[in-house]
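When you line the sequence shown up against my numbering, it's residues 16 to 290, in that order.
In short, the hints are calculated from the structure, not lab data.
One or more hints might be untrue.
Stated by the list, open to error - Simulated crosslink set (BS3-like; lysine-lysine; CA at most 27 angstroms straight-line): (1) K191 with K29; (2) K214 with K199; (3) K152 with K191; (4) K191 with K214.
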Amino acid sequence: MSEPLPDRTPEDPKVIYFPGASYPLYTVQIPDFPEGDECDEQSLQRQRTDGVYALCLADRIHLPPSPSLTITLSQHLCGRIREHVTRIWTATSSSTPPSTVIAKFYDPLYFRDTYDNIDPLRLAAWSAASEVRAYEKLQSLQGNCIPRCFGLYATALPEQEGRTVYVLLLEHVTGKDLRYLCEKGDDMDEIVADYLCEKHRDAIFSTVFWLAMDFIQLGVSQSDLAPRNTIIRPPVRRGPFCSTERCPARHEIDTEDVQAVMVDFERVVFYDTIK
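Put together the whole structure using the sequences plus the hints.
This is how it looks when you write it as structure tokens:
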């Protein structure tokens, strides 16, 4: 039995993802939609023997001769276990005039599988293909209740021997996601959402519910309705929007016009379009 090769994976992703880092982006084909993300015995053995870094180098994405544009990273948006294989940043594109976008990197190298049954390369391709397909099916909602999708690209990382990763560019949505409602309240057993007035509670839940129903009508079931995935745009008119002084959404959310935007379509289920 062959001995495992030394692990050459850089321990800290900050060596390649940091504010000011620039990446040339190449237009690429959407990867074939793989069946699932679990390892078969052969791919699992390759991971154990060669290491994920070597597999990434062996399975480089084919890039065209010249890039379509360049992006420069500015702020890291996500952390902890949430990403799986994605790293999400705000970035400035080289378009004229320059614009702020969201860059979503599908990077299999830093994925950590506790149960040792996921193929990170397959997962990265599956996640990229799934998200692009979701934005295509929801095209009529782009720019309104979901971000605009500017296309799938790939980039090469010279710091890691030209290793390639997929990159999805999305509209940067101005607003505030609902995670602030999950912060701790005044008492140990309370969160901020406990202080929502009934009017705001009903407005938020009904908006998220009807967004999910709109997606299903177009053949996409969003399976991740976590608060981080719902952004509320700034209200058009000035508040207050309720009479409850302690309500955390009193000045944040117009109950008569909740400008909600749903993001993150990595983990969705596709259906035939409902007529």
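Results of checking the hints against the structure:
1. K191 with K29: holds, 26 angstroms
2. K214 with K199: Holds, because 21 angstroms separates the two Cα atoms, which is no more than 27 angstroms.
3. K152 with K191: Distance ~25 angstroms between K152 and K191 Cα, so the pair holds.
4. K191 with K214: Status holds; Cα separation ~19 angstroms.
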